[in-house]
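Protein chains in written order, with our numbering: chain A, 1 to 199; chain Z, 1001 to 1195.
Treat the hints as calculated values from the structure; they're not laboratory data.
For each residue, glycine too, the CB sits at the ideal point set by N, CA and C.
Take these hints with a grain of salt, some might be off.
[As the list claims (entries may be wrong)] Coverage of chain Z stretches by chain A, computed from C-beta distances (three or more under 8 angstroms per stretch; other residues unrestricted):
#1 1073-1079
#2 1118-1132
#3 1181-1191
[To be verified] In silico negatives: residues of chain Z with every beta carbon more than 10 angstroms from chain A:
#4 His1029
#5 Leu1049
#6 Phe1088
#7 Pro1103
#8 Cys1148
#9 Phe1157
#10 Ala1167
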Amino acid sequence: MTISQMVITLFFVANPLGSIPIFVALLKNFDIKRQQKILLREAIASFLLAVTFLFVGKGFMQTLHIETYSLQICGGTLILLVAINMIFPPQQATFEASKIEPFIVPIATPLLSGGGVLSTVMILAQNNPTPKVFTSCIIAWLIMTPVIVFSTYMQKLLGKRGLEVLEQIMGMVLLFLALQIIINGATQFKSVLLAQGAL
Amino acid sequence: MTLFALTLIFFLIINPLGNIQGFLSLVKHVPTNRYIRIVIREMFFALILMVAFDVLGEYLTNILGFSKATICLSSGLILFLVALRIIFPPAQAPNGRDEREEPFFVPIAIPMIASPALLATIMLYASFEDQVWVSLAAILIAWFISCCVFFVSRLLFKGLGATGLNACEKLMGMVLILIAVQRVLEGFLIFNGHA
């Protein structure tokens, strides 16, 4: 695989474009400067996670006996919980509580560097020389980071009312996304069950 | 389950890095030499509880007759809920304690270190393990590492800051939740195999 192919693969698996409305909805309580800082931090965190997985992912998964389908189902479940929270915001959302910044979870992982990206990085590392995969990670994140950080200007287009509607709709979209990820994992798990027989 | 994996699970549930902030706010007014004594005392209380529940776990399955799938699924579920609380911490209730009062047994030994979730997990894992020494050794190693973390907690807090500690805690929570999901799925596999 060439570097450009790997960059494209990583970009589409991480899907920053699709996640932009979700980020805007998640961060609607902060001003744009703060949002950009948060998103930049999260982008860096997700990059570090992906790179860490590139080097030690296989060893980590093998020592703890974690399969790729668990990675998928786990990430999907976390996204599902975030989605439910967006569709049915908790009643006692006091002013203080809504000001808690999302940190690493859910933006850096599982939204950006979720099970999909982490397993992709691991598979790429198995079939290609590590420096090549590392370079493509760097390029992919160099493209992704500005896309994510400048997505905050979408807020201006939408206004306060629009943001509230967006949060509900994006909650629904996120719910579908979460279930799709869980189903992807479950399909892999099913083949393991079938191989074991007696289903 | 290998000794390493078991130790890691216990260490992640004790969650010393996540507990540092709460712990430091409790011993804010305590001088350093006194503070080390408090750590040792509280950690020994916690160790006694952990070992007691480990021994208890050995007999639990025999008495109640749980199947292997039940134990796998329920321990996975408990781990999942514990990890969820680490990843998405609930809004903290204001604590009404007098902070000048020295903490004794509550709230450091229990529920901070030897939390109900940890004791339940120890019980379930102990009954799953064929050899007694594996879970005991895992408890001792995880306990010892947590002790070390608490000893240097003031330095760690200065070095990493609240943000750094928070990041470590979140990442540890992610590892724990992965282990939990894997365990639940293993429970299904066992269930399927014996169906």
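These are the hints, each one checked on the structure:
Only residues whose beta carbon comes within less than 8 angstroms of a beta carbon in chain A count, and the segment 1073-1079 of chain Z has 0; fewer than three means the coverage is violated. With 0 residues having a beta carbon nearer than 8 angstroms to a beta carbon of chain A, the segment 1118-1132 of chain Z misses the requirement of three or more and the stated coverage is violated. For the segment 1181-1191 of chain Z, the proposed coverage by chain A is satisfied: 5 residues have a C-beta within less than 8 angstroms of a C-beta in that chain, meeting the threshold of three. In this structure Z/His1029 is separated from chain A by more than 10 angstroms, as the shortest Cβ-Cβ distance comes to about 26 angstroms.
Non-interface status of Z/Leu1049 relative to chain A is upheld: no Cβ of that chain comes within 10 angstroms, the nearest being about 26 angstroms off. For Z/Phe1088, the shortest C-beta to C-beta distance to chain A comes to about 7 angstroms, within the 10 angstroms cut-off, and the non-interface label is violated. Listed as a non-interface residue, Z/Pro1103 keeps its Cβ farther than 10 angstroms from every Cβ of chain A; the least gap is roughly 26 angstroms. With a closest Cβ-Cβ approach of about 22 angstroms to chain A, Z/Cys1148 is found to remain outside the 10 angstroms limit, as its non-interface label requires.
In this structure Z/Phe1157 is separated from chain A by more than 10 angstroms, as the shortest Cβ-Cβ distance comes to about 17 angstroms. Non-interface status of Z/Ala1167 relative to chain A is broken: a Cβ of that chain comes within 10 angstroms, the nearest being about 6 angstroms off.
Of the numbered hints stated above, those contradicted by the structure are hints 1, 2, 6, 10, listed in ascending order.
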